[in-house]
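Now for the letters of each chain:
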Amino acid sequence: MAAIDIAGVSKIYTGGVEAVKSVSIDIADGEFIVLVGPSGCGKSTLLRMVAGLETISKGNVTIGTRLVNDVDPAERDIAMVFQNYALYPHMTVYENLAYGLRNRGTPKAEIDARVAEAARMLEIEPYLDRKPRALSGGQRQRVAMGRAIVRKPAAFLFDEPLSNLDAKLRVSMRGEIKRLQKRLGTTSLYVTHDQLEAMTLADRLVVLNGGRIEQIGRPLEVYHAPASTFVASFIGSPAMNLLKGVLEGGRLHLGTHAIDLDYPAPTRGPVTVGLRAEDLRPASAGEQALLFRVDYVEELGAQRLVHGAVEDQPLTVALPPETPLASELAIAIPMDRLHFFSAENGKRLQRRGETDRTAMAVPARPQAVNLESVS
Amino acid sequence: MSEASPSPWPSPRARGEGNAADNGASLLPAMAGRRWPAGRMRGRFKDQGRQAAAKRVQFASPFLPYLFLAPQLAIIFVFFYWPSVQAIQSSFYLEDPFGFGSTFVGLTNYADVLKSTEYFGIARFTAIFTALVTFFALAIGLLLAVKADGVIRGNAAYKTLLIWVYAIAPPVAGLIGMMFFNQHIGPLVEFARWFGWDIKVGLDYFDTAFAMIVVAVWKQIPYNFIFFLSGLQGIPVSVREAAAIDCRSELRRFWTIILPLLAPTAFFLLIINVTYALFDTFGIIDVMVKDKAANNPITLVYKVYMDGFRGNDLGGSSAQSVILMLIVLVLTVFQFRFIERRVHYN
Numbered sequence: 020m021a022a023i024d025i026a027g028v029s030k031i032y033t034g035g036v037e038a039v040k041s042v043s044i045d046i047a048d049g050e051f052i053v054l055v056g057p058s059g060c061g062k063s064t065l066l067r068m069v070a071g072l073e074t075i076s077k078g079n080v081t082i083g084t085r086l087v088n089d090v091d092p093a094e095r096d097i098a099m100v101f102q103n104y105a106l107y108p109h110m111t112v113y114e115n116l117a118y119g120l121r122n123r124g125t126p127k128a129e130i131d132a133r134v135a136e137a138a139r140m141l142e143i144e145p146y147l148d149r150k151p152r153a154l155s156g157g158q159r160q161r162v163a164m165g166r167a168i169v170r171k172p173a174a175f176l177f178d179e180p181l182s183n184l185d186a187k188l189r190v191s192m193r194g195e196i197k198r199l200q201k202r203l204g205t206t207s208l209y210v211t212h213d214q215l216e217a218m219t220l221a222d223r224l225v226v227l228n229g230g231r232i233e234q235i236g237r238p239l240e241v242y243h244a245p246a247s248t249f250v251a252s253f254i255g256s257p258a259m260n261l262l263k264g265v266l267e268g269g270r271l272h273l274g275t276h277a278i279d280l281d282y283p284a285p286t287r288g289p290v291t292v293g294l295r296a297e298d299l300r301p302a303s304a305g306e307q308a309l310l311f312r313v314d315y316v317e318e319l320g321a322q323r324l325v326h327g328a329v330e331d332q333p334l335t336v337a338l339p340p341e342t343p344l345a346s347e348l349a350i351a352i353p354m355d356r357l358h359f360f361s362a363e364n365g366k367r368l369q370r371r372g373e374t375d376r377t378a379m380a381v382p383a384r385p386q387a388v389n390l391e392s393v394s
Numbered sequence: 010m011s012e013a014s015p016s017p018w019p020s021p022r023a024r025g026e027g028n029a030a031d032n033g034a035s036l037l038p039a040m041a042g043r044r045w046p047a048g049r050m051r052g053r054f055k056d057q058g059r060q061a062a063a064k065r066v067q068f069a070s071p072f073l074p075y076l077f078l079a080p081q082l083a084i085i086f087v088f089f090y091w092p093s094v095q096a097i098q099s100s101f102y103l104e105d106p107f108g109f110g111s112t113f114v115g116l117t118n119y120a121d122v123l124k125s126t127e128y129f130g131i132a133r134f135t136a137i138f139t140a141l142v143t144f145f146a147l148a149i150g151l152l153l154a155v156k157a158d159g160v161i162r163g164n165a166a167y168k169t170l171l172i173w174v175y176a177i178a179p180p181v182a183g184l185i186g187m188m189f190f191n192q193h194i195g196p197l198v199e200f201a202r203w204f205g206w207d208i209k210v211g212l213d214y215f216d217t218a219f220a221m222i223v224v225a226v227w228k229q230i231p232y233n234f235i236f237f238l239s240g241l242q243g244i245p246v247s248v249r250e251a252a253a254i255d256c257r258s259e260l261r262r263f264w265t266i267i268l269p270l271l272a273p274t275a276f277f278l279l280i281i282n283v284t285y286a287l288f289d290t291f292g293i294i295d296v297m298v299k300d301k302a303a304n305n306p307i308t309l310v311y312k313v314y315m316d317g318f319r320g321n322d323l324g325g326s327s328a329q330s331v332i333l334m335l336i337v338l339v340l341t342v343f344q345f346r347f348i349e350r351r352v353h354y355n
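So the sequence lines, in the order shown, correspond to chains A and B.
When you read off a place in the first sequence, starting at 1, and then add 19, the result is the number in our numbering.
When you read off a place in the second sequence, starting at 1, and then add 9, the result is the number in our numbering.
Okay, chain A solo, but in the shape it has when bound (with noise of 0.2 Å):
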């Protein structure tokens, strides 16, 4: 076990592409860290350049003590999971796993006690002597998993672990990764892009877009704060409704409703505003209100998404089932929910009174976030 501390790190290839640009983690010992973005945004380069299997262009990787940037992968003391398993398909499950400790000059003993230990903790004790091929996709998952167990390793890095699986395998898998990787205690980096996975996983978010970090904090941080429309937008299902506003003399303008704030406004002239579909409600009687013109609904059971527009800007608000739908539905503004951001670089633009919640983003301790999270 160990803390890991990347540092300015980048990676460029030839032909001048800067796939990570100047990417900066501290990650602390024992801590459950997830990169998280699109497709595109160099989460899985970031990983790899950690693993070893992408050298590093510029910047410093450090595992515990020790710099790692031209250390071999085997040396890095990591395990890794891939996304499409990886197993050696002509070995035995027992083989997979022993793998590497046989070359690490484990003796044979102590092999059989950690292939069995991890084993019982993965519930693959029945096919060690199976191949891959006769595995489920769920089984070959726990393989991979075991294969890293067993090393005990400084670190666990997971390349889109689950995103082979089917929808439920995928939430139980998800379940026991985080059970395992809590009581191990090991450093986890874990990539995906599923915002969801990222939510209930991480002890940390790291958001990543193009290349650059949005932005590092907690879960619900994150989703509390986002540091930009990129996150705001990327964080959080349905995703965050942005309305094209203006500030005005403490007032909110968003086209031709005008809201009176009863804050000092963060700024003046063209903002993006963001709101949570399920900050949204029904006004009731002489409040302000958004007049909403419903588009189509989607029911979900616990709630419904309604889908429209307030003057042509597209808004989607959450409801609970049971409220009475119109065509037409006024909507409250929730004053102390809404979000600014910058119209030119859509930045989060910080209320005066509001904590900065982005501030606080240290690391702390896994237990104590442990309790945080699993909200």
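Everything labelled a hint here was simulated from the structure, so no lab data went into it.
The C-beta atom is built at its ideal place from N, Cα and C for all residues, glycine as well.
Some clues are possibly wrong.
A short, non-exhaustive set of chain A residues, derived as facing chain B with CB atoms under 8 Å [claimed, not checked]: (1) 70; (2) 72; (3) 91; (4) 92; (5) 94; (6) 97; (7) 99; (8) 101; (9) 103; (10) 105; (11) 107; (12) 108; (13) 109; (14) 118; (15) 122.
Examples of chain A residues lying across from chain B (beta carbon under 8 Å, computed) [as the list claims (entries may be wrong)]: (16) 59; (17) 93; (18) 119.
With chain A held as given, fit chain B onto it using these hints.
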């Protein structure tokens, strides 16, 4: 699935494992059609279920499938079974050298062949020749493929250059090969002379054998290279990367991961190369010894040709070809029984 495609080869795994018969059978079309074994296997792995369903094609008339099979069967019968039967038949007769009839002599032809010390000398040379040609053609082809696979920059050009050799027509390639050992202009003869070795192809037994093996190997390398390269590219990158994390030594990774995963390709090439060394090297030997073997080394196939068409001993020559057929049969059965067992299809 094993019922849908019964393997014509005695595969010991067919009884033990469910899908082994499918593996055994799939190698044959790969050989006959000379398709890429790695590509076939990848495809099979992906949609095994769909293929099983697709195999049960329904025909409107029960004769229709036989009609589709007819051309292939006709070719096999006319060019393979018929000559084989004729060879077996004439091996029991003593043919008049001038074609005025033949006499039934029973097993005399076989007895003559098996009593001849010359025949066993040639058989021994054939065995050594086949072993060396197969070994070096496979080893060098594999080495080149592994190295070409590792090239990152300009690998397309590099691979194309290596594959190009294969596009040269075999007789031309053979002639170029002979040129290497030409007494007057051969660069290899020149080269050997620096070390005080005066190569005399066609005069010295060892020198001729050496030249035969070198040319036979040289001609077969591009073929093996192409198959090994495609086999290597069929190994998933992530498996190699997982191995890179699990094992530091590249050489050890090659022996424990890459080579076992290449085994299906290697097994296919082993059969092809043994057959090549036994039969397809005829042209090379013919150019080297130029009809007059004298005390130069020749292989069993060349001896069949010499006795039959130069010596006009059709009966003896037929007996030899039947013996050769039996050797190949035993060899193939052996390969499938004992080597395929160690091959992992994924």
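Could you check the structure against the hints above and give me the numbers of any it violates, in ascending order?
Those not satisfied come down to hint 16.
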